[in-house]
Amino acid sequence: MESSQSASAPHRFNLAAILSVGLLLIFWQIASFLLPEFIVPGLQLIGLEFVKMFEEGTLVSDSALTLLRVMLGLIGGFIFGGALGLLMGLARRSEDYLMPLINFVMGVPALSWTLIVILWFRGTETRIFALMLAVSFPVFAHSILDAVKGVSRELLEMTLAFRPTRAQVLRLLILPSIVPSILTAWKVSIGFAVRVVIVAELVGASTGVGYRMVQQQSLLNMSGVLAWTLILVLLGLVLQGLITKSEQSLLKWRPTTR
Amino acid sequence: MAKIECRNLSKVFNAGGDPFEAVSDLSFSVDTGELVSVVGRTGCGKSSTLHMILGLERPTSGSITIDDKEPYTDFGYFRGRLAAVFQTDRLLPWRKALDNVAYGLEILRVPEADRRLRAQRWLEKVGLGGFENAYPHQLSGGMRQRVGIARAFCVDPDLVLCDEAFGHLDQVTATQLRGDFLDLVRESQKTSVFITHDIDEAIELGNRVLVLGKPACLLMDLAISEEVKRDPGAREEMKTRIVNSIEANQPIG
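Order-wise, the sequence lines are chains A and B.
Using numbering that gives the first Met the number 0, read the first sequence as starting at 0 and increasing by one per residue.
Using numbering that gives the first Met the number 0, read the second sequence as starting at 0 and increasing by one per residue.
Hints should not be assumed to be uniformly reliable.
To be verified - Straight-line Cα separation of at most 20 Å, DMTMM-like style, residue types lysine to aspartate or glutamate; simulated pairs:
| hint | chain 1 | residue 1 | chain 2 | residue 2 |
| --- | --- | --- | --- | --- |
| 1 | B | 68 | B | 98 |
| 2 | B | 213 | B | 226 |
| 3 | B | 213 | B | 20 |
| 4 | B | 124 | B | 73 |
| 5 | B | 124 | B | 197 |
| 6 | B | 95 | A | 94 |
| 7 | B | 68 | B | 157 |
| 8 | A | 251 | B | 17 |
| 9 | B | 95 | A | 246 |
| 10 | A | 251 | B | 20 |
| 11 | B | 228 | B | 200 |
| 12 | B | 238 | B | 199 |
Since the hints were made in silico from the structure, they are not lab data.
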């Protein structure tokens with residue numbers, strides 16, 4: 000009974016998703032007959048755009064570049080923010096000093112950071128990396144700090160009875176405890192990072208999905224803008240899917256709640 | 000070897016500026032190889048006492064020593080010499096049963112092959128052969144507590160401390176586990192301190208019962224002979240004496 004239910008739930012979800020997306024596409028296609036092409040281009044035009052992008056080679060190269068920028072920035076933010084979160088969680092006094100700074104950085108809008116890194120750094124990649132780092136590390140720092148604080152006191156006492164070293168407490172108890180929070184932080188950050196990287200490419204790059212979008216917009220080519228937008232959405236979804244997959248294998252010790 | 004000496008032990012908590020005395024001038028000793036029950040009301044400072052024996056809290060005054068070393072100040076000395084079974088199983092949810100049992104050995108840096116072998120043996124001893132690869136959430140409460148017991152014995156400690164170890168289980172499972180636990184302690188000749196609020200359990204398990212008042216101080220130190228354990232009348236008499244003593248918060252002759 001249980002297994003048939005968990006098997007049918009994603010199936011039902013897929014059917015509903017296909018239906019709702021299908022309806023949207025039908026309405027879009029009808030609208031394309033009634034409205035000018037630069038406002039609502041037909042699906043066939045958007046499809047052709049993909050073919051053109053693929054033939055030019057930009058589809059693969061610019062998507063890959065944007066993906067790389069997102070991942071590098073997030074990895075940087077994860078390492079820096081994660082280290083800060085661990086430090087604050089393990090040496091409580093340091094939280095009093097670091098947290099105000101982190102909150103201050105977090106309060107700076109992504110658009111301000113975009114302008115600031117353009118003035119501070121030279122070279123597109125350095126600028127984008129700095130931007131991604133600045134916007135992503137506070138999120139990681141916060142969630143990892145909370146996770147370390149949330150490590151079960153009971154499990155800590157149990158562990159201390161065996162007299163572990165500090166490194167053992169970290170490796171055997173704290174790190175495994177915070178894995179679920181780390182994955183959640185990645186999920187949240189990916190959606191956010193994709194949006195930010197586009198703004199950066201839009202303002203200060205000559206490659207990447209964001210740049211291609213601006214280019215298409217200046218040509219008043221709506222189907223081009225939409226095609227690149229779809230690429231972005233797909234990129235975000237694929238990354239989220241990867242996290243969910245690794246969640247399933249890393250957290251298989253969890254009781255299934257569905 | 001594990002001889003506990005507890006002298007004029009006190010613990011005062013300063014929560015919110017209002018001092019609260021949990022343990023008050025508690026003195027007792029436990030000899031190597033003894034199985035001593037400690038009984039008292041819920042919230043009488045039993046757990047604080049256990050925390051101090053484990054070295055997780057520093058006594059406010061007085062002293063506690065195990066083999067002439069202080070568990071709090073000589074923290075590292077007790078590496079591998081202490082083990083505890085708690086009220087809840089306290090298993091690591093991401094570790095399979097076998098790896099939970101081997102946890103203490105891993106901390107003691109026992110090589111992997113060796114620790115798997117030892118953990119396997121203890122898992123079988125507590126009746127869980129075949130459940131090596133089960134995660135804690137796949138086991139029943141009684142089985143999880145068995146894993147916890149195996150984890151404690153697996154490091155071959157000098158002293159086993161239990162804090163209401165069977166308090167969360169149904170009566171049938173608890174009775175079963177108490178019997179198994181007694182067998183393990185007798186077989187391994189370990190010094191054990193068993194903290195509980197259940198007077199029947201205290202009499203059944205201990206060779207001695209320490210009766211604590213509130214805040215924790217020693218009201219009575221009763222030897223429990225095998226005759227008393229076997230004779231229902233004598234048991235009942237002993238129980239009444241303990242109940243009255245706890246109620247009056249003073250020794251009853």
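The hints, checked one at a time:
no.	hint	in the structure
1	B:68 / B:98	violated, 31 Å
2	B:213 / B:226	violated, 30 Å
3	B:213 / B:20	holds, 9 Å
4	B:124 / B:73	violated, 32 Å
5	B:124 / B:197	violated, 26 Å
6	B:95 / A:94	violated, 34 Å
7	B:68 / B:157	holds, 13 Å
8	A:251 / B:17	violated, 46 Å
9	B:95 / A:246	holds, 18 Å
10	A:251 / B:20	violated, 45 Å
11	B:228 / B:200	holds, 11 Å
12	B:238 / B:199	holds, 7 Å
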